[in-house]
Amino acid sequence: MRTSNGVPDEIADAAARLSGPFSVYVHIPFCLRKCPYCSFYSMPVEEHDRDRYLALAEREIRRFGELLPRDNCAVSTVYVGGGTPTLLSPGEWDVLFGLLKGFLSFFPSAEITAEANPESFSEGHTEVWKKWGVARVSLGVQSFSDADLHWLDRPHDADRARWALKKAVAAGFSVSADLMFGLRGQNLRGWKSSVSEAIGLGVHHISLYQLSIDEGCRWSMNPPEDLPDGYPMYRWSQWYLPQKGFDQYEIASFAKPGHHCRHNLSYWTNAPVLAIGAGAWGYLGNIRYRNGGTIKEYGEAVEKYGCGAVATESLEPEKAFREAAVLLLRTKWGISFRDYSAQYGEEALRSVILTLRNEAPQDCIDFRGDSLALTRKGMRVANSIWSLII
Amino acid sequence: MDQQHIRNFCIIAHIDHGKSTLADRLLETTSTVGLRDMKEQLLDSLDLERERGITIKLVPVKMNYTAKNGEEYVLNLIDTPGHVDFGYEVSRSLAACEGALLVVDATQGVEAQTLANAYMAVDQGLEIIPVINKIDLPSSRPDYVIREIEDVVGLDCDNVILASAKEGKGIGEILERVVEKVPPPSGDREAPLQAMIFDSVYDNYKGVICYIRVINGKIRPGQNIRFTATGGVFPVEEVGVFRPGFEPCDELAAGEVGYLVSNIKTVAEAHTGDTITDNARPAPPLPGYRKVKPVVFCGFYPVERDEYPQLREALEKLVLNDSAITFEPETSVALGFGFRCGFLGLLHMDVAKERLRREFGVELVATAPNVVYEISTKDNRVIEAHRPSDFPEIGEIDEVREPVIKISIFVPSDYVGKVMKLCQDKRGNYVSMDYLAPDRVRLVYELPLAEFIVDFHDKLKSLTRGYASLDYEFMGLKAADLVRVDVLVSGEAADAFSFICHRDAAFYRGQSAVRKLKELIPNQMFEVPIQASIGKKVIVRQNVKALRKDVLAKCYGGDISRKRKLLEKQKEGKKRMKQIGRVSIPQEAFLAFLQVEEDEDK
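Residue numbers (our numbering), protein chains in the order written: chain U, 1 to 390; chain Y, 391 to 992.
What the hints contain is simulated information worked out from the structure, not anything from laboratory work.
Hints are not guaranteed to be accurate.
[As the list claims (entries may be wrong)] Reference excerpt, derived from the structure (chain Y facing chain U, CB under 8 Å, subset only):
hint, residue
1, M915
2, R954
3, E958
[Claimed, not checked] Ranges of calculated distance between the beta carbons of each label pair, as one might list FRET restraints:
hint, chain 1, residue 1, chain 2, residue 2, range
4, Y, E962, U, A16, 35 to 45 Å
5, Y, A758, U, T294, 47 to 57 Å
6, U, W219, Y, K926, 20 to 30 Å
7, Y, E962, U, W333, 23 to 33 Å
8, U, H150, Y, K808, 50 to 60 Å
9, Y, E962, U, G258, 53 to 63 Å
10, Y, Q932, U, P36, 32 to 42 Å
11, Y, G866, U, P223, 27 to 37 Å
Everything numeric in this text was worked out from a predicted model, so none of it was measured.
Glycine included, C-beta positions come from ideal geometry on N, C-alpha and C.
Work the whole structure out from these sequences, hints included.
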């Protein structure tokens, strides 16, 4: 990562040269309290902070609104994530969307996702989301077992999660549930009951993650022991979910037809992403950048330059084509030979294909003539395959 | 000192039978060392020896003693190394003496090595004075031990000394008996110089110090001396005696024991057993010299690869001190650059390793010890094979010969069955068995050295609860049905894991190697077959199951860099692994496979 005074100019420059569709990621860094496995920045929320935060976001959104070209450049997806975005009141959401829609131009078909946590989610939220055209709601359920939730120190119980899920489905959103496997005391049966309960409640999309203890989280100093092997749970999900009509279109994502998340796909295809808010990551004109990670750092940057970017990373071509291949391999569409070589060159494509042919097991890669992707088995050992080409 | 008043003697004892303590008491009683300077096991020169309570070599010492007859005597105590690895050194130490104290533990009885050394002493015409030590212990049974010495060693024990070195009992008696029984050295002080080197050490200030026994003639500073075996000629810079520190004197004459310093750079130029003569008046060499040859080999590798130069330097310094160690550079797929080192035996190897660590601060990995094989091929070549990769293809081999030892084991008769089984399992050939006493047996077997050095001693100790003792001597090379077992990882031969063994044991050994590797090799993305084969024939196969572990972590806020860095780290980790075909094997696996099993009670 490079940090310098030139960063805001660099980002402003990249924004000014943008054309076509782009995504927007808005980060809301507030949480009731920190989950022990989470290493992402968040802080307890006060009303005063939220006002100030929205004021900063306003400056940043306004600044990009000025920078971005007027013609043929519009928002195709928005994702408001966190943190806990539902710690913003419906009124605050109203302000936020007013800013986004007011300063940026949107394609009519733009996909807007709101992330919600069961304990702070309310009917008021659904109303304001409806008003602004939110199509997707992603609920941080994690599990339908109270024991799991308690162990994870989540601020909600299973009943609250059921209630929230039902409300969101009933309100007519395309609803996604985040579920976690590999939790202590969780067995395949427990995992199954969480997954099938989510399906029974009518979700359209499931994101599943294995519990991972990253550096910097509360548990990282003293990681929990006796965690179950996550592999069978993931493997079971790959068998079970398609039967229930959920297609695995990405390594961690399963969706009913027409319900996959376009916003996430823009990450895997290196499409442009505008970052709004503290700790958010963006990608503009082949530059990946990070906004100030704390509200303080973010605030200082915004006040000084109008945008929160503090660090950029532009990969040398060698690294860039490798990373791009890894990202593309997350999806079921994989690497299209034509698109990939158009962007990174024949040589890069050959190198990736050669590595996978020589070093990856045959049953992990699906070579299709004009593209290649991971097979289901390949997805199960994806980290190892990626580490071959990174 | 005139020859009539000199007594040169040594102590023959089994490990733990109290040699060092006895030596301490002799020094005290003769006031050679003031009580103030006395520390336990004074003559054990290496920290290591003091710590392990074993003695590899005592420092020689000169004691002044006024006997009951009122006359002054000089008593030179010369040690014999107390371990079976050093048989030749023992013979040279004995050659420097006219008498020996045979010290036997009153609770244990005669042990194999004691007997071997006592026989050697008898053979060289030494006067032997039996001493029963540790009679203070409640479990002592002196009568029984006396009978054993008479029966087994064949010594007359009418006047045996009952002693307790710990309590100072019998010490005066021992000194009197040495004066009375050990003959004074003969030798002509006017004859041309003949002095025998019985040991040499390297000193940072003085260079090489030779421990010598003058047989004929005199040696003094300024004289030009010649080392018969190496042909080197050096001026003598200093001669002196052991008090037990070095104390220079004017000359050493026939019958005397002392040290000499000349301008010698390495102990390799001063072979134990070599004869020193006057360059101007050369005399024929004394009998009994031979060059010692290492028989047990292993690889020493630095733990950190860039510490190779330090290891080389340390080995060079160690060899200054111990010329019986040989080393030459070698490389290993798994361990990088290192040295193949030769030793006189397992303890010798162990001590060298420990000294490198302590005295030179080198952390090293030692591969399992092995022996040198001789192979004749079908096209009449003879190959010396130091490692499995030196073996030609199985079709080209006419005969493989391996070093064989003759091993005597003293063991309580209750354990005879177990010990015989152990010897059979180790491909031993029965030679003889006789009863030393109604409840003690001596077993003699011919045993391949390769089998002996693996874990024979440990197994013997645990089978007999420590009651067995052993001694061995080399018999030479003998043909055997030996094969090279290759270990294949995913179809590719992995050099580092191949080994030599008897055809009959190939399956069993192959199985245990494959099983061990199966545990050590991490799961890969695919199933990895591990096979053991002789030539092209696969004899064992097991599979390392395919990887079943992965993490699907969330990319917080679109933080893709974090994921990439994790993957890069994973890839970096993989780079440090060795690739055998498509299989990545971590360094630790090689180490675990190759490293000598550390064991506590050695």
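task: Compare the structure with the hints numbered earlier in the document and write down the numbers of the violated ones, lowest to highest.
output: Failing hints, ascending: 6, 9 and 11.
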